[in-house]
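Given the coordinates of chain A, assemble chain B onto it according to the supplied hints.
The residues making up each chain are set out below.
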Amino acid sequence: MKHSSLLFLCWLSISLVTAQDTNIDYHSIVNSLYARQIGPAVMSGRVSTIAAVDSKPEIIYVGAGGGGVWKSISGGVTFRPVFDDHPQSIGKITIDQQNPETVWVGTGEPWVRNSVSVGNGIYKTTNGGVNWTHKGLENTERIGDIVVHPQHSDTVFVAALGHLWNANADRGIYRTIDGGETWEKVLYIDENTGGADLAIDPSNPDILYATMWSFRRWPWFFDSGFTGSSALYKSEDGGQTWSTLTKGLPEEKLGRMAIDIAPSNPDVLYLSVESETREKKGIYRSGDKGESWEQVSTDFNASVRPFYFSRLLVDPQNDSILVKCGFQAIFSEDAGRTFRPMDGAVHSDVHDVWIDPNNTKHVLLATDGGVYESHDRGYTFRHWSNLPLSQYYRISVDNHKPFRIYGGLQDNGSWYGPSAKAGGIGNGDWVNTFGGDGFYCFRHPTKENFIFTEFQGGMIIRYDEATGNVKWLRPYASGEEDKYRFNWNSPIHLSPNHPERIYFGSQYLFMSEDMGESWQRISPDLSTNDPEKLKQNESGGLSIDNSTAENHCTIYAIAESPKDANIIWAGTDDGNLQVSADLGKTWTNVVGNIPGLPKNTWVSYIEPGHFDANTAWVVFDGHRSGDKTPYLYKTTDLGKTWTAVNTEGIPSYALSVREDLVNPDLLFLGTELGLYISLDGGTEWTRFENNVPQVGIRDMVIHPRDHSLVLGTHGRGVIIIDDISPWREFSPAIAGEKLHFFESRPTVLRDPGNGGGWFGGSGNFTGPNPNTAAKIAYYMPKRHTFGKMYLEVYKDGELIKTLQAGKSGGINIVEMPTALERPKAAPTKNRMALGGTIFGPNLEAGKYEVKLIKGRETYNTGFELIHDPESPYSTEERTLQYETVMKLYAMTEQLAYIYQILDEIGGQAKELDTDDPAIKDLLQQLEIKSEELRESFVALEGDFYVDSDEQLRERIAEMYMQVSNFPGKPTNTQLERSDALSGEMQEVETEVTRFLEEELAPVNEKLSEAGIPIIKYSSFSEFKDGKLSSSGKGKP
Amino acid sequence: MLKKMFFLLAVVFSLPALQAQSVDEILDMYFENTGGKENWLQLSSQTVRAKMETQGMEFPAIMLSKRPNKTKMTIDIQGMQMVMATDGETAWMINPMMGGTDAQVMPEAQAKDFERQKFESEFLNYQEKGHKVSLEGKETVDGVECFKIKLEKENGDVEFHYFDTENYVVIMYEAIVPEGPMKGQEVKTFLSDYQEVDGFMMPHYMESKMGGMTLQKLTFEQFELNKEIDDSEFAFPKKN
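Quick mapping for you: the protein sequence lines, in order, are chains A and B.
When we follow our numbering, the leftmost residue of the first sequence carries the number 28, and every step to the right adds one.
When we follow our numbering, the leftmost residue of the second sequence carries the number 3, and every step to the right adds one.
Bear in mind the hints are in silico, worked out from the structure with no lab data behind them.
Glycine residues also receive a C-beta, built at the ideal position from the N, C-alpha and C atoms.
Treat the hints with care, as some may be off.
Unchecked claim - Just so you have them, the derived chain A footprint on chain B, three or more residues with Cβ under 8 Å: (1) 51-64; (2) 162-175; (3) 185-192; (4) 200-212.
Claimed, not checked - Straight-line C-alpha distance at most 25 Å; calculated DMTMM-like pairs for lysine to aspartate or glutamate: (5) A:K815 x B:E34; (6) B:K240 x A:E931; (7) A:K765 x B:E168; (8) B:K185 x A:D111; (9) B:K140 x A:E675.
Next comes chain A alone, as it looks inside the complex:
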């Protein structure tokens, strides 16, 4: 046998399985589950860059601050993410307009707010975003601009801003002349000054302009201008040499500047200037290729917050029309002398603008609230509510059915929405609870009309859903106290032991037991209270920026032990980790006990143990000091000693940690670049890749009732992994088994429900619902490649379904649909009747047995289907409904069977060839009679819309639809009508039996006598199996 060598190897590999048991493939196990991204998109999120193809402006790329790259080929009607395998913080997207399938993406957002993420260099696609290749500049952290040479596609210039929080030399202007294979740093100032913006002269691409910016952020301070080396540069030799342009520009310390050249007249350039003197800030214009400049505008938006808004764009057809991004985008049509603001209905904070070169009134804006589109140069805009880029800071869940998710977003307030909804989770399902920048948000577990929410800098609010009113609850310092300092993200914590107890943190910890009506201070200043770090009102450098974003020496994380209500943890942004074991009477700063942790490292997340009161997991985040190490520590003695949890191989800093509620070895680590999971108490970590991109995971919560892991991502909204039970149950002992079934909880049968979306067009986001199938989950140490493997599902000993098996080495989850297949129905030209049989009814509640057949071995398990125990329909009512539906189901199929056999008989009667005129006549009559019979119970005339008839088939379908649509008792009318239809059905069956016996049988006898093949028809089981009877020869 030719394959004997293979069979031998099979045998060998089977015999080696036991030897490989210890080698657990965590990647396969972790990546056996699948996450769903539910949005929201109603408020979208921060978009940092936008680009479109000049020749096909319906092809658009959107780059988000934290949510990756999205592509539309429909002018923004629909989008899909195309960059999910890479860091999601996007700096700049530039399309090679000569070859628009080539697109460059610079990662790392350039709008350097306190919460900004990081990138890892530049990527290129040559096939419109299907595949991306990393093209270097790994350590630039953020990229401000990319310019492609208008004639030579392989020549590309990059403005690399470089690191925000520390000095580094990987910044400046880079050039490649070989399509990104190699890069040359052609303009470099120093390790604090990066490239911010670029412009290339389209008429002479050897001429380039670059703005260089010196800047630095600390956790407590921002300095735009920093070392004073910001300047405007020009090159006239393709970037080889550069000189500064100064004539007409302020002769003082400069900050961030944006530049653009007029494509219709390259002599004209505009520059937004941040400088020391307020009057000298604004927009400057040059009419001589940058040699001299004149200030043309001091509009508020011309110079507001340059670190956040520094983009300007000249109209491709008119050198007097320009748009400057700002708090609002402003439009000038007179060379910058006067400006008008954009449509006030657009979200503030505009980061990028695109103008259609073919129709320059067609404008797109990239804002903190997503993308807006105008067709009248900015007078009116429409929002694209289809980009789920929401940036969560914190999330929580409630115990509603289905559970709801609450959370606060960067510049998009606080919202809650459902985890499931008939027809999917739409934009309209999200409820706003307050505005501003949102952070902690949760529904009170006992006073359910109260939702606690907040906005930046400690503005805690209680929203009463019953009345629609909000009550402000912020505590204020009394005379002898220091002024309260609240972090940008001020922590609010709900006691897991006493639902009436809420904590809130400034530099002090507060506790309220009366819904925030009054606060009791339960700590001294828990921070370092370092006066050097309390200068937020001086922060900003050349442009003072005191937004509370630099508030420092504050509490950032609070957690009460779920095992002991007297144990409270508080972590501060300046690196103190404090614990009290007596409800705040005394505090110990335990950070000094932590080995290997740099001083003053931000405490970003505290997870007290669910199994032991003295255990806690703590995440520290040093990225704001330039330290991107993921720090995770564990204590089991209330902070006296600490173990550094191994995070080797995790590429970026950690943000959040959760210990599972059931299995103490199951841990979840949220990092800036995605979700990591450990199944062995933190020894080994594996990235979860199934629909969780490399996005910042700021918060996570495990739903205690539904076993879901809910992620609050900073750029991709809420992501849910619906049932983490297989991970929970996994242990190295299981890995030694040949096949291990995971325990299955009863699956609740979904009642039909109402609704399911309306005709909103394609431009709205809808989040997917959880899968309602019953799941059969098992672990196999080795992939099944040879031989059969499948599952059989039995009900009361009867085989009801055969399912394909999952074959992976690792965890496999086989889904058993909880609805029967829709009934096989005879054709109809009645649209309503067709609709009636689109869905199959639910399976019966009860226990089901499962056999898994793998080669020669059989493994047994089972699952249970139940009705929602809280539904108002009794078992008797459900049984009556089920029986009625199944009766109609059987009638539908019986009628379809009759239709088919009549069709078969008529067809054969027509095709049979004979010279015998008597037989010919008989056959003709048979054909006519079978058609008459069919038409007696099916409506086959009409237009499938408003001109349609109704026969028995259609009447059964209508009743089937009505009864199957309601899970409780059918109406008396429906029961009576079902009985009546049953009677009609009997009549049809009697007539058909008569036809077969009295008309077909004699003809077949004659045929047989004449030596002609007799007319055959399918059995009911052949009809049910739908086996193709011929080789599939198509009817001409």
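Coordinates of chain B only, in the frame set by chain A:
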């Protein structure tokens, strides 16, 4: 004796690893282990009965193929037969969901896509076909260590095929959707349930996934190899 056996086992086991230096050696092992290159080259036709599952629905299907480039797939959708076929020159279809029960010539884009399926493995004498093949290293697929082989077809399509490093069978391949609304997206097709059919190792199950979600499951219930199939099966049906 025991020592000798162990030595032999060790040699047999390490032999493929040593040989797995070049892409051609991997492909040779693949053909050797699945039936022999000569036998594959002599295979003249396949008739496959299958069950197709997509979007929660199941359909029986029959796939006919005949050397060199005739293909026909018939799917039974609730008693209605959907057909896609080509005789090597004309690709045609019958789609009762759209356009009734008459045979129609396939739209060009769809035809191009359909005709990408070849009777013979693209790896058989790939040089003669103008394809390029390269070994891209090893990767773990479905918990199995695999050789990753890049196939650059003469028409420009690029696919990645993953061959089990132990048994040299294909565990999975990746291809880019060339046409239609999902154009540009990557589809991964996993192959398993290999069983012997007349001396050939045939996968009896294929599952296609996009972004981790299953698009389609194909269970092959019966293979008939080298059965005579009349050319008229594949020809565009002429109206009577």
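Cross-check of the supplied hints:
1. Given as covered by chain A, the segment 51-64 of chain B passes the check, having 9 residues with a CB less than 8 Å from a CB of that chain where 3 are the minimum.
2. Residues of the segment 162-175 of chain B with a Cβ under 8 Å from some Cβ of chain A number 6, which satisfies the need for three, so the listed coverage holds.
3. Counting residues of the segment 185-192 of chain B whose beta carbon lies closer than 8 Å to any beta carbon of chain A gives 4, which reaches the threshold of three, so the coverage claim holds.
4. Beta-carbon proximity to chain A at under 8 Å applies to 6 residues in the segment 200-212 of chain B; the threshold of 3 is reached and the given coverage holds.
5. A distance of roughly 22 Å separates the Cα atoms of A:K815 and B:E34; the hinted pair therefore holds under the 25 Å criterion.
6. Only pairs whose Cα atoms come within 25 Å are accepted, and B:K240 paired with A:E931 is accepted, the gap being roughly 22 Å.
7. For a cut-off of 25 Å, the pair hint linking A:K765 to B:E168 stands: about 19 Å separates their Cα positions.
8. In summary, the hint linking B:K185 to A:D111 is supported, as the alpha carbons are separated by about 17 Å, within the 25 Å threshold.
9. At most 25 Å may separate the alpha-carbon atoms for a hinted pair to count; B:K140 and A:E675 meet this at roughly 23 Å.
The structure fails none of the hints (numbered hints given earlier).
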